[in-house]
Every structure is written in structure tokens, then in C-alpha cells.
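Chains as they are written, first to last, in this note's numbering: chain D, 1 to 504; chain S, 1001 to 1322.
Simulated from the structure, these hints should not be mistaken for lab results.
Where is the CB? At the ideal position from N, CA and C, for every residue including glycine.
Warning: the hint list may mix true and false statements.
[Claimed, not checked] Far from chain D by the CB rule (all over 10 angstroms, computed), these chain S residues:
| id | residue |
| --- | --- |
| 1 | 1046 |
| 2 | 1093 |
| 3 | 1197 |
| 4 | 1290 |
| 5 | 1294 |
[As the list claims (entries may be wrong)] Listed next, the stretches of chain S that the computed footprint assigns to chain D, with coverage defined by at least 3 CB atoms under 8 angstroms from CB atoms of chain D:
| id | region |
| --- | --- |
| 6 | 1162 to 1175 |
| 7 | 1184 to 1196 |
[To be verified] Below, computed lysine-lysine pairings styled on PhoX-like, alpha-carbon distance capped at 25 angstroms:
| id | chain 1 | residue 1 | chain 2 | residue 2 |
| --- | --- | --- | --- | --- |
| 8 | D | 334 | S | 1200 |
| 9 | D | 447 | D | 334 |
| 10 | D | 420 | S | 1200 |
| 11 | S | 1299 | S | 1262 |
| 12 | D | 488 | D | 447 |
| 13 | D | 420 | D | 334 |
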Amino acid sequence: MRRSGRQQLGESQVSEAEALLGVRRLSKSYGGAVALDAVSIDFFPGEVHALLGENGAGKSTLVKILAGVTSADSGEIHGPAYLAGDVAMVFQELSVVPEMSVLDNLVLVASGARRGLVPYRKVRLAARSALVSAGLGALDDDLPASALSLAQQQLLEIARGLMANARVLILDEPTATLSDPEIQRIHSVVRQLVADGRSIVYITHRLGEVFGLADRITVMRNGRVVAAGRTTTFELQTVIENMLGPDHVVPQKSDSVDLASGTHVQLRDASSRGRFSDITLTARGGEVLALFGQIGSGADEVVRAIAGLAPLEAGSFALDGAEVGRLDRSAAQKLGIAYVSADRVGEGVFLDAPVTTNISSGALGRVTRFRLIRRQLEIDLAREIAEVTAFDPRRVAERVSSFSGGNQQKVAIGRAFATKPRVLVLNEPTRGVDIGARAEIYRSVRKLASHNVAVVVYTSDVVEVRELADRVITLYRGRTQSVQPVAKVTDAELLADILGGALT
Amino acid sequence: MTVMRVGLLRRVRVTEGSTAVVLLTALFVLIAAVTVPRFATTSNIQALLLSVSLTGIAAVGLSLITLVGRIFSLSISSTVALSTIVFAECLPYGAWLALAAAVGFGTFVGWIQGIIVGRFQTDPIITTIAFSAILIGAGELATGGLTISRGGDAGIFSANLFGIFPFQVFAFVAVSIGIAVWHRFSVPGRRMALVGLNEKAALVSGVRAWPSVVLSFTVAGATTGLAGGLLSSQSGQGNLILGGTFGFDAVTAVVVGGIAVKGGRGSPISAAVGALFVGLLGNVLVLVGLTYEVQLVVKGALVLSAVVLTGVASRVRGGRSR
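So here's chain D without its partners, still in its complex pose:
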């Protein structure tokens, strides 16, 4: 924007160079949902460029286009790095192969280009220099990747991105699962990489680290760029306001039910080593309790423990005042605790089975007569659930794999509803679900809650807390930060809580 004239900038003393990579009026939609709406951004060499926004803001779509994983509907991408194919992406999920050596993990990337034998000596040299750049120079590259710490694995992931000697490196939440000293390590490597003239696109939900690391910030919301500029022109509060938007309304919750008499679930001083510690909570029938925390905060592990999928190492679990000893998934189901997984394809639904089989899977007793499963009863049950969770009752005989993500999630939730639970445990119930389906899911969950069902939901999305929950518990690194009624707390306070020390 200010390139004509090449004037000196007060704060940096460097003239702004030509952008390595940039996009102009980039748009992309999936079906009817607009993911990117005329987005224009430039990425300059020698800069860390933080890309911020809530889930669904369009960040991941943008970087997928930049990395060539998917293509845009319209708009242009330019810059020398793009023309040379010099963009590497480091994904959020670790993709290192734990059984293979550090070296072989790097060879995996290098040999992709050429088939046949791996030119080991040459690759070894390239791998060495990538490791040094990624701050792993002191590492024995014959070690298996599983022997590395989480931070080292993350750095190895960055080294993999460096193997092609890419000048633009996209890092998608590299610090989401790391602790402070480890984060510092990642930061120093990132600084070294930009000092070598690279451009780093840095996606993070930890707003605290942005101000220490990034040179430039772009905030996205609903597929648009809502704020952009040098980091020095931002403050934490303005970033959060931009992320959330002005028309962020609090929906009306159902009136309070008589909480004393109904179902209640109680965790007392529950701990699981390395995941969470000293968690005490009570969820009552009639209300939705949200556990709010980042990925890696341990909050998701707490809800898995309530569902019987992860053991408690210490503390107690009580349902309606009666203490429950060993709780595995099967025992929990018998007690009336239904679970909806965050991993929709992996464990949320039976993809290859029709809706009817999915819905009845946890409630086989409801579809049998004289101990035999009746097709008609299965169809009736599936239709009944379809009405509640808002998917098309005419499609109950279809295989779930032919459904969209949102409808698949409704089936996953329907599976839990069909069991007539006393306690419903949801783990990221709307991850990857479009806005319309999201609203329908919230409505059906709230309605179920009003029938004296205790709902416990883990989410990493503050909007979800707002729209779904009555009370919210924030977690940071496995510990409770605060317990508050949703109506009495601001989003900024909630975000500050889950970011914990990273804010200060």
C-alpha cells in the first residue's frame, strides 16, 4: 500500500520490500457457505504475520489455498514465492511418523518428488541443514521421532517444511499443545527463520504470544479481513473485539428449572496425570454446562472421563449423589450417560451403515420385540429422532456416508438422544458444522436439557459457549480458572481465562 516512495518507517528502519506472497480479492465458498469473501493480504519477507480469527473465520481455507491444497473460486495469488511454488505448510496435527527416525521423517518429504531409490547422502545433507534451521541441530538424527518431546516434534514438523527450502512457511497453531518454555523455543526458531529473509504466516489462538512474536496482524471474521496492520497499531482488546464482531448478541436462554431435585453429576478433585488436575464440578439436569478451554487444555479429557472413555486417577465421580467406582464406556452408557464424540468420522457415526442402524446402535432395547430387532421399529425410532435433531426423516434408510458433515453430526447426536440419556456429554459438537446446522443442533440440545437432562459440553469456541451454555468453567493447562454463569461474563474475560499466563 505504501510501497511507492519506499519511505523509511519509523519503527523498523527497513524499507518495505516487495511482498513474497500475496492474494487479491480471493473468494471461496463451499456449497452455499461463504468461506472467503474478497480477501486481500500481503506477506513480506523477514516478517512474522499473525493470522487471527475465531473458528470458521476463514483462516484455514485461506492457508489451504496458499499451500495449494485447495483452489479459490475467484481472485488472484501473486508474488515470487507463489510462482516458484515456494510455500510450505506445517499442519496443526502432527504428521511425523513416531516409529521412524528423525532423518527418515525428513526423507519421507524429500523423496516425494522423485520415485525409486532415496539419494541418502544428498538427503542427509539437506536434512541436516533443515534441522539446524529448525533449532534441532544438536539432535541425533537416528533417534526415533517418538523419543522427542512434543515441542521437538513440532520443530521437526517445521524442519519438514524447511526441507524444500521454502521461503514462505505457514504454521498452523504450532504452540496449541505446548507449555510456556516450549513455546519460547518455538518462538526463537521462528525469529531465526524470519531473520534469514523468510516470511512466516502464523496462525494461533494464543493471543498472548502474538504481541511478542508477530510483526504484522491480520484479523479475519466470517471470511473477511476485518483488521490488518503492524502489531504496534493493535491492542489485545481491539484484537478480541475484531475477532468477535460488534453484533455479538447473547441469545435468550430458557428459564431456570428447579435444579435441586433433578439429575446431577458430580466430579470431586478429579485428576488424570498429564491431562487435568483437581477438577471439581457439578452438572445438573435442566442446564447446559460448558467446559471452555483451548485444545490441549485438558477440558476435552474431563468430558471424556465423564463419559467413561478415560480413567480418573484420583478423585470421585457421583451420579445423583451415588458414587460410581470404575467407570468404563459401557458402564457409563448403562447409567444413562450418552456421549457424542468430537471425531465424527472416526467414532461419531457408522459411515457405512444406514441412519436407522446408527440411531438404534445405543438403544437396541427400543427396537426389539420378542428379542428380535424389528425393522419397522428402527425406522420409527429414526424418524422420531429425526424430528428432534432436525434431519430429513425421509432419508433414514440412506447410508450416513452420503450425508453432509452437518447432517452426519445430527445423526451422531441422534444416536445419543435415542438412548434417552440422563446425562449428555458432548465433545466439540459443532466442529466443522455450518452455521445453519449449528443453530439446529443447539436448539435440540437445549430442548433435551429442559427435560431434566444434565448436559456437559467441551468446546474451544467462545461463540458456542454463548449460544449453548448456562454456566461455563474455563480451563487452562488442566486446571479450573473460573466457574461463572454465561450471562454474567464477557467473551473477552472468558478468552483471557483460557489463555491463562500467556496473556500477561
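Dock chain S against chain D, hints included.
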């Protein structure tokens, strides 16, 4: 063009792999009846059904292991062999008791393997190979490798029911329908299907994998014991070399029947149809004068093409679901 091809495969998938085999079998019977001279005679059809029945019984049981997502048991042959010995040893005390003993033996052997594969989460192939070695070794120790013939009359199992229906064929039909109905309509059968479809998703519904795995191995053991007992009843003798081809034939029947090797989808009845198809093919190959060796090559090729076809079908499906 790609779109068209995918569309075609989709339609085939909707009609289920098993339906394709039924149609293929019917077509094959028709062609054989017209073109192969001695095919459509009562004695040939009877011989065909007899030859198919016993492997068919074993295949229907085996299909439960496949459906629960544990691929195959490779101890079918050795279980059949030992069951013939158990049957022959018990035959002096009565034919029905001997048959019950053979079934009981197979059930027990299957149950133990089920416990190992289910509870200790071992690889089913390796576990059953190891078990097969133990069975054969123990059998050698017990019999000294000799044929067991203790006398007694097993004539009722070679009698024809209603004049034309051999007992073994009756057993095959009854077992196939019984197990298929049980798998389709009973709660334990549904749990097996859920575990085979997606073990983690089943657990979310509170359905644990191991009881279903144990159950499938136990029932498969029972049918294998039944097949061994009936095999022995033909001669009244038991020998470790009996039943050598059962393992491969049962696997062939399951695969050709169109049951997905990765589990979940399909019905045990498909394995019965698969056994019928493979038997039919062998019968026709004999009638047109081809040797055993050629038959073997054809059977092997059949299994390969069936596996490739189901692989292609599931890749098309996988591509759509992501």
C-alpha cells in the same frame, strides 16, 4: 467419464456385493445346464450339493469372524481334522452323541481363540495360525498319525430326508438360514455388525468389541466342528489329513460371497452363496474335463479378483465419504 464410471459402481454397490454373486450363480447354473451335457442330472446336482455342504457350513461360521472385523480364522482345516477324530472316537456311543462331541470340541477351540483375539487384542491371522499348529501337533501326539476307526454306525447322517434331500445338505441350509437370521435380527448379531462397522463408534454406544469377537469365534468353532463331524460320518473314520482344503475353501466362499474383509457389511448367507458358487465352478470344471490343478489355479484367480473388486468398490465408497 469418471463421473459415469463412479455412478455405475455406486449402483452396483447399492445392490450389495452378495446380490451380484446370487445373480452370477443363477446365470452360471443356466449356462451350465444348457451347455454342459451331464450337469443337469439328479445325481450330479446331488453330488454338487453334497460337496458344497460341509465347506459351506464352515464358511457360514467363518463369515461371522470376518463380519466382526477380525478378517479370517486360519485354523479351520486343523479344527475340522481334529473334529473328525473326536467324532470317530465317540461314534461307538452313538451317532448323535459323536456329532455333539465334535461340535462341542469345535466350540471350545473357537472360544479359546476368541478369548485370545478379543481380550488380548492379538492379530487374528497369527493367533489362528499358531493355534492350528498346536492343534495338529496335539492331534499327532494323540493319534500317532494313524486313522481312528472305533466302529459304530453313522448311517443316519448319510440318509436322505424325504427321499431326495441328503442330511448334510439339510444341515447346510438350516445352519445358513439360522445363522443369517440370528446375525440380522438378534441383539448379539447386531452388536457384531456394529463392532465390525466401526469399533470406536460401537464403544461410544457402550458396545464393547471383545464379547462380540469371542462370540463370533465360538460360533465359527461350532460350525467347523459340525462340518468335521459330518465329514467323519461319511466314513466313520477320523484322520488328521481330512479337511485339508476346508480352510482355503471357506475363505474363498466368504470372499467370493462379497463380504467386505474389513468387516461390518454383508450377511452370513453371502458366504453360503459364495460356497455354492465356488462348488458349482469346480463341478463344471470337472465335467468339462479339467484337472484338479487347473481348478486350483481358477479358484485362486477367483479369490484374487473378488478381493480386487471389493477393494475398488470400497475405495469408491471411501472417496465419497471424505
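Given as non-interface: residue 1197 of chain S, partner chain D, CB spacing beyond 10 angstroms: Violated, since 4 angstroms does not exceed 10 angstroms.
Holds or violated: residue 447 of chain D with residue 334 of chain D, Cα cutoff 25 angstroms? Cα-Cα ~22 angstroms, so holds.
Is it correct that the beta-carbon of residue 1294 of chain S has no partner in chain D closer than or equal to 10 angstroms? holds (37 angstroms)
Is it true that the CA of residue 420 of chain D sits at most 25 angstroms from the CA of residue 1200 of chain S? holds (21 angstroms)
Tell me if the straight-line CA distance from residue 420 of chain D to residue 334 of chain D falls inside 25 angstroms. The hint holds at about 11 angstroms.
Is it true that the CA of residue 1299 of chain S sits at most 25 angstroms from the CA of residue 1262 of chain S? Measuring from Cα to Cα gives roughly 21 angstroms; hence the hint holds.
Under 8 angstroms between beta-carbons, do enough residues of the region 1184 to 1196 of chain S, three at least, approach chain D for the coverage claim to hold? holds (count 8)
Beyond 10 angstroms from every Cβ of chain D: is that where the Cβ of residue 1093 of chain S lies? Non-interface label on residue 1093 of chain S holds, nearest chain D Cβ at 35 angstroms vs cutoff 10 angstroms.
Can we trust that residue 1046 of chain S is non-interface, i.e. its beta-carbon lies farther than 10 angstroms from all of chain D? holds (35 angstroms)
Compute the least Cβ-Cβ separation between residue 1290 of chain S and chain D, then decide whether it is above 10 angstroms. Correct as stated: the minimum Cβ-Cβ distance to chain D is 39 angstroms, above 10 angstroms.
Check the hint pairing residue 334 of chain D with residue 1200 of chain S against an upper bound of 25 angstroms on the C-alpha distance. holds (17 angstroms)
Count the residues of the region 1162 to 1175 of chain S whose Cβ falls closer than 8 angstroms to any Cβ of chain D, and tell me whether that reaches three. Coverage by chain D is violated for the region 1162 to 1175 of chain S (0 residues, Cβ < 8 angstroms).
Checked against the numbered hints listed earlier, the structure breaks hints 3, 6; every other hint is satisfied.
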